[in-house]
Structure formats: C-alpha cells, structure tokens
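Given chain A, work out where chains B and C should sit, using these hints.
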Amino acid sequence: MKYFTTVHDVANPAQLIEEALALKKEPFSHARSGKHKTLGLIFFNMSLRTRLSTQKAALNLGMNVMVMNIGAEGWALEYENGVVMNGDKAEHVKDAAAVMGLYCDIIALRCFPGLKDRALDYGEKVLLQFMKYSHVPVISMESATLHPLQSLADLMTISEHKKTEKPRIVLTWAPHIKPLPQAVANSFSEWTLQAGYDLTITQPEGYELCEDYTRGAHIEYDQQKALAGADFVYVKNWSSYSNYGQVMCSDHGWMLNNEKMKVTNGAKLMHCLPVRRNVELSDELLDGPQSLVQSQAENRIYAAQAVIKWMLEKR
Amino acid sequence: MKYFTTVHDVANPAQLIEEALALKKEPFSHARSGKHKTLGLIFFNMSLRTRLSTQKAALNLGMNVMVMNIGAEGWALEYENGVVMNGDKAEHVKDAAAVMGLYCDIIALRCFPGLKDRALDYGEKVLLQFMKYSHVPVISMESATLHPLQSLADLMTISEHKKTEKPRIVLTWAPHIKPLPQAVANSFSEWTLQAGYDLTITQPEGYELCEDYTRGAHIEYDQQKALAGADFVYVKNWSSYSNYGQVMCSDHGWMLNNEKMKVTNGAKLMHCLPVRRNVELSDELLDGPQSLVQSQAENRIYAAQAVIKWMLEKR
Amino acid sequence: MKYFTTVHDVANPAQLIEEALALKKEPFSHARSGKHKTLGLIFFNMSLRTRLSTQKAALNLGMNVMVMNIGAEGWALEYENGVVMNGDKAEHVKDAAAVMGLYCDIIALRCFPGLKDRALDYGEKVLLQFMKYSHVPVISMESATLHPLQSLADLMTISEHKKTEKPRIVLTWAPHIKPLPQAVANSFSEWTLQAGYDLTITQPEGYELCEDYTRGAHIEYDQQKALAGADFVYVKNWSSYSNYGQVMCSDHGWMLNNEKMKVTNGAKLMHCLPVRRNVELSDELLDGPQSLVQSQAENRIYAAQAVIKWMLEKR
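Chains as they are written, first to last, in numbering that gives the first Met the number 0: chain A, 0 to 314; chain B, 0 to 314; chain C, 0 to 314.
Everything labelled a hint here was simulated from the structure, so no lab data went into it.
Treat each hint with caution, since some may be false.
Put simply, identical chains are the same to the list, so a pair is met inside one copy or across any two.
Said to hold, decoys possible - Derived pair list, reagent style EDC-like, types lysine to aspartate or glutamate, alpha-carbon separation capped at 20 Å:
no.: 1; residue 1: K261; residue 2: D211
no.: 2; residue 1: K115; residue 2: E283
no.: 3; residue 1: K88; residue 2: E123
no.: 4; residue 1: K131; residue 2: D286
no.: 5; residue 1: K124; residue 2: D87
One chain only, chain A, in its complex shape (with noise of 0.2 Å):
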C-alpha cells in the first residue's frame, strides 16, 4: 500500500479491518516493525482526535513521529508549475514535499477545502502534489474530498456492534452553523458501499453528494422514513456540493433525538466528532446507551496503526 487516500487504495479493506481489530486487542504485538522509521505529521488545518491517535498508532510501532504544523510553524507554498514566485508563497510543494519525504518514511497529511471552487477542492491538488513529489508512501489524515482513517475506524465500529451481516445504515445530514466539508459523508459512503452494506442517505433537497461517492445507496428525503429499520445511524453535517460550499439549509427539524431513533430497529448511533451538541445531535441521544462515538474515536488508533503497518510491510 503505498498511499491511503480513499478505499480503492485498500488491496482487501475487509482485512484491513480485521488487522485493526486485531491491533485493538494487542496494541504491542508489532512494537518493533517501526524501528528507525519516522512518521511525519503534516497538518494544514487543525486536528485533536487525528493528530493524538495516529501519533499514538506510531508511537506503539515503536516509530518516531515528527509533527510539523504548516502555516503556523511553516509557510504558504505554491501548487502552480512554471510560476514566478515573486509573491507570497515562500517555497514550491515541488521542493518542501521532496525535502520532507527525505527525512520521512511515510508523510501522513490533513490538507481541507476551501469550500470556495469545487473544481479546485475536488483536484485534491494538495494531496496529490504530496503524493508524486515526495517520493514516500502518503496517508490522508483528512483531505478536500474524503477522510479514509475515520472511515475505517468507522468501519471497525460497525464490525464490532453489528449483529447480523449486512447490516441496514443510514447516513442522516444534521444541521450546523458553518459550512463543513463533505469529505466525512463521501468517505464513509465509499467504504460501507465497498463492505456491501445497505447504506441509506437522507438529507434535504440540495445537500446530495457527489455521485462518484454514492453510487448504489438508497437516497431518502424523509428521514423519518430513512431512519425506520436502521441498525446504525451516522449523523453527520456538510455544505452543499451542488451549491457549493453553501449552507442552504438551517431547519432545526433535521436534528437527531431520541424521539426519531424510535422507528430504527434499536440503531446505534454514529458521529465523527467534535459534535455541536443540541445542534447536530441531542444531549440525550449523545449521553445514552446507543451512542459508539467513543468507541469510533478509539478505534481512530488502531485504524492509523493497521495502516501504517501495512505501509511498513510493503503489503
């Protein structure tokens, strides 16, 4: 595996997951593989979970992380080729990207959109500029367009609680204050409809996602009718992609409670965090028992750790 940046990377994600488990279980066990081997951290945008638990992943490979903030610790570079840089981009990706992939053995990178001109977001020009000039394998901690390592902790989570194959999973949009991403709603499309499960996707009209993500889920503008019979629901907000970057929608209605969980067939209830609580989700829901929003965000270390193990066995 030499980038992780969407579930087509992933040979088999079905082993990927069971790795992970497997990881969860005896954190230890691989404690060598990473020895004299850097992990390089490179943030463009702010980070908790993500940056704590695939730190953590390395960290129990016995490998060395060095995290580097850029912007804040760095500077602004430029993405065009042939440009005078007489501006204020200091250094080219070309050069910064090919430097780090010499002091680093994989480049794990969170680079988010602009949420201002689709084409430009959705050419993951960032990205993909890491990935040819550094000349090392790459991990996406978070790109314009998808979030494969909060996917597979997700998908770890469903492993865990679901109780019969092929689970019933429906993916409600929740209300926000600002326009988000869609990276998190594209990327667990990709990787539930890639497991085979029955993904349902309910948000209000103007909210579809690109189609490149969600071909062959079910796509239900009620939620009341998406939500009966689920066995998992992931609430989740993003911007408009037709729209793009927009907030069209600010109906408080389309906020998950209790009260609506009562048609799912007794669904556990998923969110990648952070939550805006009484915005996206209730307290209620958020505190109770159905709620794996802990268990997803633990699995946020082994989902790192298996992926980097794979990186490092050149599976």
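For chains B and C alone, coordinates are given in the frame of chain A:
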C-alpha cells in the same frame, strides 16, 4: 494517586518528596516503568519550565509524550451542560476530554484563571471537568487556584537546604506590572503548612490570600518584621483575592533586595520563575549565593517524575 | 566541541565532514550514543528543513528531542543586564537559558537577525547569551550571521560530487522579493575557504559581504565572468551588508538559468532552499540534472548527526 491537583490528593507528601529526591540522584532508575504508556500534555496557556520539565520527567520513565496546545492547535471548548452549541465553541469538554483519555494513560493539564470572576476561577471548572470526563489520572500543571508540581519542587528544595527540622519560612508579596494568579502562593502555603513548617505571609493590605490555603500561617503586613529571622524567603507577586484580579498596589518598596535580607537568618531566596528582575527582586539578590531559583527549576523534573511514577504504580 | 556556531568552533572540519558522510551510509551505527540524553530545539524563527533534519539526526542517535517555539509557545526575553523589567519582556535570558540548560543536554538554537541594526545583529546577542547562560553545548541552527549546519551539509555535498581536489566554486547573488539575512552566504564562504577551495563571489555593487567571512575569495562583479569554468555554482540572495538590510537591486538579469550555466565546467547547482522559482533560479535549472539541492537537504540530517555525535562524545 488518581489525581495530583492539591497537597490533599497525596496520601503521604513527605514520602513523595523523598522519592522525588531519590529520583534526582538516579533519574533513570525506573527508565522502563512507563514503557508503552503515554502522557498527554494539554496546554490552555503558555509554558516553558512546566512543558519541558514534565516532558523530561516522562521521558526519564520511558513514557511517550504527546503535547497539545489547545487554542493554538485545537479549538474552544464548551463547559456548560445542556447548552445549544451554536456559538464559537466547537466541542464540549465531555467529548474532548473523553477522547484524550482514550489516547493517553495520564493527562497533565494547564488551565489558568481568567482573573475576572472569582467564583468561576475558584470553581476550577476546566480542571474538574477534565478529571470527570477523561477517565484517566490527571496532573495539574497549574490550574486556576493551585500549582502543586511547583510546590512539590519547592518543598524538595527546602528539604535539601534546611538546617533545622522546622525552618521559618516567609512568603512575601512582590510588585509586578500586571495581575497574576494566586495559584503559586496558594499552593506554596498549603504545602508548607501541611509539612508543618513555620510560615509567615507578608503582603500589602488587600492582598490577603484565600484562607482555605493559608489557615495556620502568620499574617504580617510589615515586610521587615516578617523577614526577621527567616530561613527561607519565597518571593511572588499575586493579584488581589478580595478585590478579585485587581492590582491594588504598585509600591516599589515591596521589591526584595540584599538590604532587606539583612534581618533574616541568612535566608535562602526562592522564586518559581519567570521573574521580573528589578521589579520583584533585585539583580544582586537573584544572582547572589543565597538564590535557590535554579535548584527549584531543576527539581521540577523530579517532582513531576515522582508524581508520574506514583500514578503508573497506582499508589 | 562545546559550541557549533562557526567553522572556527571545529578542530578538524575535514574529519567532521568525513564522519557525517560515514553516518549517511550507516545512520543507525550509533543508535545508542544519545540514550537518556535530551536535545532541546529552540526556535525564535520558523523552520522546516532545520527543524525536521535536526530532530531526525537526534532520533538516529537515540536521543530524546524537545521542541520549543519561543514566541509562539514561550514569551519575549530580555537581553540587557541591570534593566528594570517593567516592559513587555517577561523573562531574562539569564534565567530562561539557565533553566533550559538544566532540562537539556544540548541546546540547538535558531535566532535570525532583525536586519535593522547591523551592530546589534553582528553582535549575536541572543546566541552568545544562550552560550553564556545555558551551561550546556549549543548548536546554531542559523544565527544572525552564520548557518553552520547548512554549510557543513553543503561541504559534504561538494565532497560527494567534486572531481578535483580543489574545485572552482562560485557563490552568486540572486534576486529576491524581500531582504534576507547574509548568514548562508557568510557561512558558505568561511567553510569553503577553510577547506581550501577556490571561491569566487559575484554580486551587484553594494552587496559585498562582510570581509571577516570572505577574506581570500575572489570578488567579481560580472556574473558571466565569474561563472566561467566553475565546478559548483551556489545561488543565494542576501540583503546589503553596507547599506544594512536593504534591497539595493531588483535586476532580474541576475537570475540564474541554463543559458548562463553554459560557460561553466558543467557545474553542479547548489541552493540551500527554500527557493523562489523563476526569481532566484529558473525551473529548468532547478529541475535539471545539474541540481544538487535535494542532496544538500538530505545531508542536513547527517551534518546535524555528526555535530551532535561529537558533542555527545565530548570531542
């Protein structure tokens, strides 16, 4: 020891001091105690000594350390329950602290007071909520009201230099250009009194500390009278507790210098650093042979190391 | 080696270069030399290559590393003696450096010039005071006037690629959009001259470097004449030394490209990075086969590793 936030969290402070002094002699005597354990350092506020010494302490025990600057690298947290989170707080402490607890075996936390609202600060909301929601041992790296790692290092330093069983200790207020927390002064008072030392606190009218921490100390408003016969003089500024957070006095007469120290019993000088030279203390005194400030700073390593060691040993 | 701040701190530079090249071949040959030792990286200014390569070097030797961004994570320091510290400086370097020296076995420091006051910058106050007060070995990670880790890496690179005992080296000034320090150019000059290489410096009038570093070099104001027959061409911008910190020339004619390189002896191209593409250098040259810039960057690891190794061995 599940928590280390006040002297009252410690079953046997005298023994903790002894063990810290033993670790100072052999810092690597327990270099594998922390193998595969992770210490998370969470900073809501700046730090130099605390950041480096606590990190060093953990490394001496073979632990991994992850540093997180909340604010700079993280985001604003919500502390109120039941609130509709549609403002500037991106995550509830319930969720964030719980996740950090999943990723760290011990959490060390720095959270200063705002110095605007006494009830809020002395309620120690941030610290208490991290203790409640993280589900792991928590070390205070200076909270709104106390700084126990500093006090433990201070008590180690007194142990190393005292010539009598119960030395006469003076804590004297010093001028400063801005309002500072009462934490170091509160904490030093409770630790020295617990140790059974003879403590005199001297300060201008209006600077009385909260009695919860100073009960048993002599209060003397005349600095020279207080200093007479002292074995140790601890110099520190703090803002008013009664007129909460205010600077009531800018009397440079309170600055300590060699002349004033003449009435002491050849007293040793203590200060937790950072110090405003020639505002709180004169250069001559700070750079002179009586000064223990560098020893106090050095002992910060072993104070933290002893605390972490006890936590790892579940003592 | 107590300090590494200039070539003159090194008893035998040729041997240091040789050992650095040996470490490049076997980076983990001394992976336990730094056991239980701590390197403190203190940054007053931004860094990418230096931060990562120095950290990597220390990890290769089995050291612990603590990174401190003074300013971002710390506070403003006072450097004057005897001052009444009632301004914006929260701590005196005397106290802060002494404490850092207690917590670290070696301190590495980055402190750029202000480029306003030549006497101030060339006085190297910050570096010298850390050397004076920290009481531990100090490595310059680029000071106001010199960048010895870069120069050591540069000399390693020349050693690897030179075809004659005494290659002809040209250091050429290049345009830039803002005033840069003279440190890399000063440092490259003193290291190449110490090595006995034939150095020519070419620059527009008014850009002459301080003679303390360039004595023994040929000065040639005609860039094409300077380049004739060169084996290595080092491209770098610097601001004026005589008209201190000023940008005197924005003549794009000084930008280096393939056409200009034709008069050289098939010269290799060097630059310390970051580079402004098509301002200092053309893309074609930087991306072409003559470019050694990535080798220079890679050698930064082993340059730092050799320096730290010598310090650990007290050589």
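Against the structure, the hints:
1. K261 to D211: Classified as neither; 32 Å inside a copy, 51 Å across copies.
2. K115 to E283: neither (35 Å within a copy, 33 Å between copies)
3. K88 to E123: Within one copy, since 19 Å is at most 20 Å while 29 Å is not.
4. K131 to D286: Answer is between: at 14 Å across copies they meet the 20 Å cutoff, but 44 Å inside does not.
5. K124 to D87: Within one copy only: 18 Å inside a chain, 30 Å across chains, cut-off 20 Å.
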